[in-house]
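Protein chains in written order, with this note's numbering: chain A, 1 to 101; chain B, 1 to 511; chain C, 1 to 635; chain D, 1 to 485.
All the pointers check out, no bait thrown in.
Calculated pairs, BS3-like style, for lysine-lysine (alpha carbon to alpha carbon, straight line, at most 30 Å):
no., chain 1, residue 1, chain 2, residue 2
1, D, K270, B, K507
2, D, K155, D, K353
3, D, K270, B, K191
4, D, K353, A, K88
5, A, K88, D, K352
6, C, K573, B, K412
7, A, K100, D, K97
8, B, K104, C, K24
9, B, K445, C, K163
10, D, K155, A, K100
11, C, K24, B, K445
12, B, K409, B, K482
13, D, K352, A, K100
14, A, K88, C, K608
15, D, K198, B, K191
16, A, K100, D, K353
17, B, K191, B, K496
18, A, K88, D, K97
19, D, K155, C, K608
20, B, K499, B, K191
21, D, K97, D, K35
22, C, K608, D, K353
23, D, K155, D, K352
24, A, K88, D, K155
25, C, K163, C, K24
26, B, K109, D, K352
27, B, K191, D, K480
28, C, K608, A, K100
29, B, K412, B, K496
What follows is a list of derived Cβ distance ranges for each label pair:
no., chain 1, residue 1, chain 2, residue 2, range
30, B, L41, C, L48, 51 to 61 Å
31, C, L21, B, D105, 25 to 35 Å
32, B, L66, D, I5, 52 to 62 Å
33, D, G484, C, K608, 36 to 46 Å
34, D, G484, A, A89, 54 to 64 Å
35, C, L609, D, P34, 42 to 52 Å
36, D, E100, B, L23, 27 to 37 Å
Worth flagging that the hints you see were computed from the coordinates, not collected in a lab.
C-beta atoms are modelled at their ideal positions from N, C-alpha and C, and glycine is treated no differently.
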Amino acid sequence: MVVPLIYYIALSSALFAIGVIGVLIRRNAIIIFMCIEMMLNAVNLSLVGFADHYQAIDGQMFVFFVMTVAAAEVAVGLALIVAIFRNKATVNVDELNLMKW
Amino acid sequence: MNLPILSILIFFPMLGVVLITMLSRENQWVIKWTTLVVAVLEFIFSLPIWFRFNSDTAAMQFVERLNWFPSYGISYHIGIDGISLLLVLLTTFLTPICVMACWKDIQDKVKEFMICLLFLETGMIGVFCALDLFLFYIFWEVMLIPMYLLIGVWGAPARRIYAAVKFFLFTMFGSLLMLVAILVLYFYHHKVTGVYTFDLLKIYGLQIPFQMQFWMFLAFALAFAIKVPMFPFHTWLPDAHTEAPTVGSVMLAAVLLKMGTYGFIRFNMPLFPEAAWYFVPLFSVLAIIGIIYGALVCMMQLDLKRLIAFSSVSHLGFVMLGLFTYNMAGVQGGIIQMINHGLSTGALFLIVGIIYERRHTRLIAEFGGLSTPMPIYAAIFMVVALSSIGLPGLNGFVGEFLILLGAFKVNKIYAILAASGVIFAACYMLWMFQRVMFGVVTNEKNRNLPDLSMREIAYLAPLILFIVWIGVYPNTFLDKTKASTANFVAQMERAKAPKVALVDVIKGDIR
Amino acid sequence: MIEYVWLVPLVPILGFLFNGLLGKRVPKWLVSLVGCSVIGIPFLIVILIFREYLQLPADAKPVEVVVYNWISSGNFNALAAFLVDPLSLIMMLVVSGVSFIIHIYSVGYMHDDEGYPRYFSYLNLFVFAMLVLVSANNFLLMFVGWEGVGLCSYLLIGFWYEKQSASDAGKKAFVVNRIGDFGFLLGIFLIFWTFNTINFREVFSIAGTNFEVGSLVITAITLLLFVGATGKSAQLPLYVWLPDAMEGPTPVSALIHAATMVTAGVYMVARCSALYVLAPVSLTVVAIVGAATAILSASIGLAQNDIKRVLAYSTVSQLGYMFLACGVGAFVAGIFHLMTHAFFKALLFLGSGSVIHAMSGEQDMRHMGDLKKHLPITYWTFIMATLAIAGIFPFAGFFSKDEILYKSLVDGHILYWLIAAAAAFMTAFYMFRLIFMTFHGESRVDHEVLHHVHESPPVMTLPLIALAVLSTIGGFVGIPIIEGANVFHDFLAPAIAHVHRPEIHYPISFEVSMMVVSVIIALLGINTAYRMYIKRPELPQIVTEKIPLLYDLIYHKYYVDELYAATVVNPIKVGSDFLWKGVDEQVVDGAVNGSAGVIEWLSYHIRKLETGYVQNYALAILIGVFIIAGYYLGR
Amino acid sequence: MTISIPSITLSNIGPLLTLTVAGLLLLLMDALTPKGKKGYFPYLSLIALVIAAVQTTMLWNRSGTDFARMIYVDNFAFFFYLIFLLATGLTILISIKYLEDYHRNLEEYYTLLIFATIGMMLMAAGGHLILIFLGLEILSIAIYILAGLFREDVKSNEAALKYLILGAFSSAFLLFGMAMLYGATGSLFLDDLAQAIKAGVGTNPLLLFGMGLLIVGFGFKVSSVPFHMWTPDVYEGAPTSVTAFMSVGTKAAAFAALVRIFFLVFPEIKMEWNMLLWGLAVATMTLGNVVAIAQTNIKRMLAYSSIAHAGYLLVALVAANQLGAISFLYYLVAYTLMNLGAFAIVILVARKKDDYINIYDYCGLGFQYPALAAAMSVFMFALAGIPPTAGFVGKFYVFSAAVEAGYIWLAIIGVMNSLISVFYYLRITVLMYMRPAEADLGPVTMTPAISSAVLVTAAGVLAIGVFPGPLYELALNSVKIFVGL
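Please model the entire structure based on the sequences and the hints provided.
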């Protein structure tokens, strides 16, 4: 059975949206990172879907790079969160508003 | 001998700036003398353009042209005609006077002050010489900076910063729109001729559709009207004049304001002749409002410099009225009135500066009866005040008369209304004079004011000389402008305003 | 010599420069010498020119002397050039002559003043301007003199600048004159754009050939010029400055505000007679204004107590006569009266100056009386001048005044005559009132002052005597009735145009009887004054109490100053204040600062969007995404 | 089955290689060199940058692609290389003293700068969306770390985290956009995308949304409204030298990619995006300038100013003509010089660490340190666009481009915005020259490195302001690749 392209797009969009909402509403920095991961993976899904649709390899190749980058970002992110936790004993993004206006 | 004389004039003060930069800040005396020498030399260097100027042609003279940025059509193109000749000379003439005038006034940050002054001179001469729109714009903007610093750093303590910033922003407001208009013009020129150029003389030949002229004229006019300043764009002027140090006020009044009127006659009118005709009523009425309004507001002023500032609004109204007549008398009157205003108002500011230096106040009420302790001062003040109110035999009259004569031909109502400004001028000037100079000395501080020193007489005397000279024998100066003005008038006569309703122009459906 | 006519105005200006620049550094006698001789020399030159002119052949007259091209722009050319013709010669003679006499008088009068050199330099400058005014060959150069004399008048009225009233008066004079000059200037514009020239003779000849009588443009020109004349010559409605001008030193009043400057308007109208005759409407206006001024100011003169103010109102009134003469087309009569008036009014002022000098500065006639014996020369010369102004035969005023009265009747209207006659009556009355109050009756002088009362030194009395002679015999140059005896008339004729109207010849008896009538009127006036101030000194008091309202009105000069203050001066002041504080600071500058304010306000509020919460920022990004998506979906 | 290995010319990526080697070398040296003896690191980095720059100039005028069309080898890329190298070099010069003041063993700083530079270069040269994305991420991750460099500083932490969260968030959008473009055309090569669009995918919604999301992603990097919110906070919190680097480097790199994509791939469907960008440009300029007025922290003020400058650059993008492309390049050079110069002064005036970064700390500077203040004035006037500085010429080009393309209103809004900007730039000069110093803030210590940075930037700002010709020719040469304009 061939899954129509639109399904991929719909699913990935839905995942992406969930990720976006997560970023917007969760207060814990780590969960926010996880939501961002979700957004990236949503994109990965659509890339794979398109690659399948076009019978081309580029899309799938892209996925690997995205995963790598995501990992790197999270690595930096976690390090930062650790540093912040040391300084402020919180990872709640609400409490990070020293700078404004 | 083919010295690039205008370039020398433009950049010689910069050389002075470099020189002064290298001098020690401690040694004020050396700095002042150096500046004075540079300024005087500059004046001497500028004399050849007077003597070697050919009055029979309207063409640009002493033209220099270098490719500056050829692929963009920008060239270093400078030259003068009869109109700019006088203004360049006015600038070089006034700068040494200003240096002398600030000799004692400026004790603080002398080095920077002198640098600003010379820098300003470069900018001003550049504006009057530039024949390339880009170059013109550069000079036009560049001279804002030294003037801004002069007002802001050495101005009167209370509101100098407000005045400086207002001056800068207000003037820049207009010139930025002009920049857009210049660009539009530039691309239009390319569209029509296939040539990219900012060269004014080339763009003169362009036939621009009226619709476009209309907007372009407005954009240019805004820049110049602010600088002039025409009502209702004048409010920066009283602040800037009042707060600026004496020399700043002098330069501002004498030269900077002329850049606005000069802009009209050099750019606005020849570039957009049809629109220029179309706008005659608007601008004449604004000029007349400026004349009367300025004079009336003058009457109630409590501050000497503010009063003179408003009188500038009034006087420049005359100039504008004259330029918008597009006939010989009016335009020549306008040009000569530019010079007159430079001399008279410049002198007035110097004169006020002299008592400001002694008393550190500009309030009219603080003075009174100064004629008794300062008779020479009184005499000079009187001559200058009379020149300012246009007494025949002094310079102001020649300009005002020719302007009104020209205006009368265009529209009698304009001339009648504008001439009433002459009455008001007498009112405010003489009333001010009375309050400052006449009566008995009531304020003890004024009792023993020293009269003018030799230095003060030395720098006022040349001004008085020219005030009388132009009044008695204006043809010396009128002759120089004759060919250029005739050319300008002929140029304007070739165009006529199309008969279209304003609404249609704005809507854009005139074709 | 004629070609050196430019020396006539030039020499005084040398005096101005000398006294102005060096006066403080040189001894007083040198100041006096220079000050007087720079007036004396032009007087001599004028006399020489006059003689030479008389000998010129008719076709060489008049002479124009071009010095240089003053202003030229396009086809506009204003030359610095002088016109020598009968009218200008008469004027130059009168001006330089009277000026010379008054300069000499001033040497005595101003001797102790601190500003002695300044005084002479101003006075010299005045003579320069006045001579330019009367000798110019074009309207613009005339205007130079016109404004120049206004300036000097300003300077000299405000000579004692420490006195607030003096500087006020000077300013008022200048500003009111400027209003008149405004009209003059517009007139010049109209002349230039009508005739393409401003040269007198060219204008007049073009006007004569190309324009009909009653032409609108000529009417406009002449009316505008007349506005100038009303300002300078203190006619209604611009006469208000002249009485105040008495704040100046008395010789100045004599020279500027009696003999010369104020007559410039009359001179100008006569000079432009060729235009005025083409504009009957303007002539009527001139006549009406003249007549009205004559009667109005004469009536004010009735109730003034300041000796100089009486003379000032009398001057205004006499100037009204001159304009009345011009208005009925009798330009020569106007000029004739101008000349005789210059003599006797200068004398009156100088005489009053002598009185004031003697009285240590007192000017109020109520504090005088019985000065005859103290000041004999002054008294007798004063009497002669008064008889002249009253129009008693054979004093100079008789001839000129009678001519005006006569002309106003035959060429004008019976009403003019009635008004003029009434004014003549009043003139005689108040002048003798002045004489009686000052020189006769009981002495009301302070004892303190009385000690110092003395006759003036010769340097002051000699000018009085010279002028007295002129006031007495000056009229004989214009003897009426007898053919050929009116030398003055014949001499001036070439320079003056005539009104085009049918010649009506009246019998000589009529003319003679009118003369008699005019003398009778004057005598009546004198008699009334005599009765009121000598015979029954209590009478004036009774009269004033009987007509308090009228008296009050006259005493307060019809409240004209107050009226002007309320209707013109104050509204302008209030309006200007409103323009400044209301319009300029609030509206115009308010718009400027307001737009800056709006941006600043925005700045302080938009920055609040930057909350510092990272999720809000993310939301902004999402909103941006929605906007973009919305943009694509919504198109 | 045959595998065709594409032929590659390594010298085409010579500058990148040099930097990579240098970066790795620095990492290695960091581990090997004992503490306290690492002072030569910045100079080593500088040498690497200079070598890269030389290599770039030697590559000049090469054209085409390499590495299987992954990399563009063209003057456009080279021009940007030079901008990046210049920016990095200047950043290094102004960093040395600043970092020493913090007494921190921060040698990885230089490595990270160099890696960030590599990322930027990849963005400018990338011929494939993956490569652009990778470049972007290399740059971003390096900057996340740099922003959080001062681990003990809460502000620095906060800035880094904000930047990271939002950066990743927007990267996701960018990526989604790329995916959509892929979906619409079936290729990730820019060339192929351009071909496909020319062939008429036209207004395929996937394409449009993809393009829109690219705008979001790059808009974030260039800090265009409404994706700009991070800018002030991050600029304020990050170490000043990093802020300086970010403000010019990231922006230039993102614009390089944006310009390359929009001018190469999307010119055919200009109608689909120009009005959108018109709106963004206006909003960006206006917001940046207006809000900057209210700022008293100079770093924050410069942040808003950088938002505004992004707005001006977007104007050039909207114009979408050759002049627009040229103005991009010119403007970015000018901006690099003037902004880095300004930040150099900010670092100097801040004395030790970031002690004095309030604008009122500039009071009286004009007569205490005339040369410093003069330089700052030059930068401020340049940023405000007043002749004869590079800033003016840059704006002049940008607005010329807009006028030429017929966007006169955009130009008018642009110039009015520069008017607003004059107000706050001018305020710095007001404070420096017209207000007396409020307190003695201690002496400003000038080191040769930072002085030379100030000198180079100030001289550069004036030089290319007065003689804009040569740079114009160079830029013209670089934008010839955009045949669609």
